[in-house]
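Using the sequences provided together with the hints, build the complete structure.
Residue numbers (this note's numbering), protein chains in the order written: chain A, 59 to 209; chain B, 59 to 209; chain C, 59 to 209.
Hints were generated in silico from the structure; no laboratory data involved. Here the structure is a predicted model, which is why all the values come from computation and not from measurement. Heads up, some of the hints might be wrong.
Copies of the same chain are indistinguishable here, so a pair counts whether it falls within one copy or spans any two.
[Stated by the list, open to error] 30 Å max Cα-Cα, derived DSS-like pairs, lysine-lysine:
{"id": "1", "residue 1": "K159", "residue 2": "K145"}
{"id": "2", "residue 1": "K178", "residue 2": "K140"}
{"id": "3", "residue 1": "K178", "residue 2": "K145"}
{"id": "4", "residue 1": "K117", "residue 2": "K178"}
{"id": "5", "residue 1": "K141", "residue 2": "K178"}
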Amino acid sequence: MEDKNMQSLDNSKKNKATIIVHSGDMDKIYSALIVGNGALSMGMEVSLYFTFWGLQRLKKGGLDKGPLSKMHMFGLGKMMIKKRMNKANVASLDKMITDFKELGGKILACDMTMEIMGVKPEDLRQDLIDDYCAVGTYIQEAMESSMTLFI
Amino acid sequence: MEDKNMQSLDNSKKNKATIIVHSGDMDKIYSALIVGNGALSMGMEVSLYFTFWGLQRLKKGGLDKGPLSKMHMFGLGKMMIKKRMNKANVASLDKMITDFKELGGKILACDMTMEIMGVKPEDLRQDLIDDYCAVGTYIQEAMESSMTLFI
Amino acid sequence: MEDKNMQSLDNSKKNKATIIVHSGDMDKIYSALIVGNGALSMGMEVSLYFTFWGLQRLKKGGLDKGPLSKMHMFGLGKMMIKKRMNKANVASLDKMITDFKELGGKILACDMTMEIMGVKPEDLRQDLIDDYCAVGTYIQEAMESSMTLFI
Chain A
59 MEDKNMQSLD
69 NSKKNKATII
79 VHSGDMDKIY
89 SALIVGNGAL
99 SMGMEVSLYF
109 TFWGLQRLKK
119 GGLDKGPLSK
129 MHMFGLGKMM
139 IKKRMNKANV
149 ASLDKMITDF
159 KELGGKILAC
169 DMTMEIMGVK
179 PEDLRQDLID
189 DYCAVGTYIQ
199 EAMESSMTLF
209 I
Chain B
59 MEDKNMQSLD
69 NSKKNKATII
79 VHSGDMDKIY
89 SALIVGNGAL
99 SMGMEVSLYF
109 TFWGLQRLKK
119 GGLDKGPLSK
129 MHMFGLGKMM
139 IKKRMNKANV
149 ASLDKMITDF
159 KELGGKILAC
169 DMTMEIMGVK
179 PEDLRQDLID
189 DYCAVGTYIQ
199 EAMESSMTLF
209 I
Chain C
59 MEDKNMQSLD
69 NSKKNKATII
79 VHSGDMDKIY
89 SALIVGNGAL
99 SMGMEVSLYF
109 TFWGLQRLKK
119 GGLDKGPLSK
129 MHMFGLGKMM
139 IKKRMNKANV
149 ASLDKMITDF
159 KELGGKILAC
169 DMTMEIMGVK
179 PEDLRQDLID
189 DYCAVGTYIQ
199 EAMESSMTLF
209 I
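Right, here's the structure in full:
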């Protein structure tokens with residue numbers, strides 16, 4: 059009996075990472091996708107829950123347009139950053155999120171943020187999004203996860 | 059013997075979330091409480107450890123006063139945000155933290171932050187705070203938790 | 059057989075914390091080291107993975123130089139903050155990271171950030187750094203950890 063209980067406890071925690079993407083800062087979106095793609099490559103399941111400013115990045119054209127903002131703080135020009143990123147084999151956000159999906163990652167869009175912002179599903183990259191959902195879905199994913207981050 | 063050891067390991071991890079609330083940004087306090095209330099509703103235990111700028115929000119009148127700051131970045135006016143939040147059934151922070159307590163959530167105040175800032179317990183919402191404590195208490199809570207976030 | 063499997067699952071999760079230090083803000087570096095040192099003191103293993111702006115702080119002289127920046131937002135002058143930190147027994151970042159190492163903590167430097175920034179190992183505090191590595195090393199550490207944070 060005890061063994062059964064223990065096993066069900068073990069089974070409820072998968073080798074899974076669930077990340078809230080709250081920030082829309084480009085450097086943080088990079089971090090979320092670098093960690094996500096790394097975890098997928100190493101055999102984990104990964105869910106990204108896009109909310110608040112993070113969700114803005116899922117708008118059509120939202121991933122790679124706009125200023126590199128804080129990235130400039132490296133003290134480098136925009137061209138220099140791009141050149142060095144290429145040299146370091148860092149792909150564009152658009153390429154990275156496509157890889158994320160191809161590797162089997164799951165993308166969730168926060169419907170409360172959509173309602174407050176007046177964003178409709180058709181404004182978003184529907185090709186990337188697996189589900190439009192509320193915090194309960196996030197909690198369910200997080201409860202199954204051995205690794206949780208808020209970015 | 060082995061089984062006993064394993065069971066004690068399993069028992070040490072409750073279905074519990076522990077969140078450090080380091081930021082005082084209104085959008086991040088919202089995220090902390092939305093996640094916290096969601097987790098409580100789904101049967102988890104939840105502890106919020108308020109520190110640095112987060113702790114400022116626990117001052118009397120600190121939750122709903124002040125500018126919506128970054129919330130303006132949605133590109134919406136203050137009235138419009140409030141109207142849409144009402145429509146999306148998003149309560150005020152004051153209502154959300156009251157709900158958090160009624161659902162059984164625990165609120166911890168970082169005493170080191172209080173000492174550095176010269177804040178006394180009577181400056182804070184003592185009706186909400188379960189304990190004034192140091193990082194050791196947070197670590198103890200986190201060690202028992204299956205889900206940890208830094209917001 | 060089942061017991062063996064379960065035990066190997068339990069063993070794969072150590073009493074360990076792995077923290078991504080993405081921010082270079084002084085208040086967040088403080089939080090990372092306060093949590094890290096607290097966890098080490100309570101018997102946990104701790105790895106800090108410095109990336110993006112966090113990695114800048116590992117440059118020679120990068121920890122305690124520079125403006126206290128956001129710390130000023132407490133509304134206190136620089137001298138007052140230092141005085142109160144002393145009174146609250148909060149050490150300098152340089153002292154805290156030395157303690158972190160002496161308590162057995164591990165420091166990892168993100169090599170992708172180094173490549174993009176054009177930073178060489180000799181620019182960094184090599185006396186503190188255990189390894190120069192990529193996201194795969196972080197994921198491996200995180201998979202073994204019961205506590206994961208992104209700061």
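Of the numbered hints stated earlier in the document, which are not met by this structure? none
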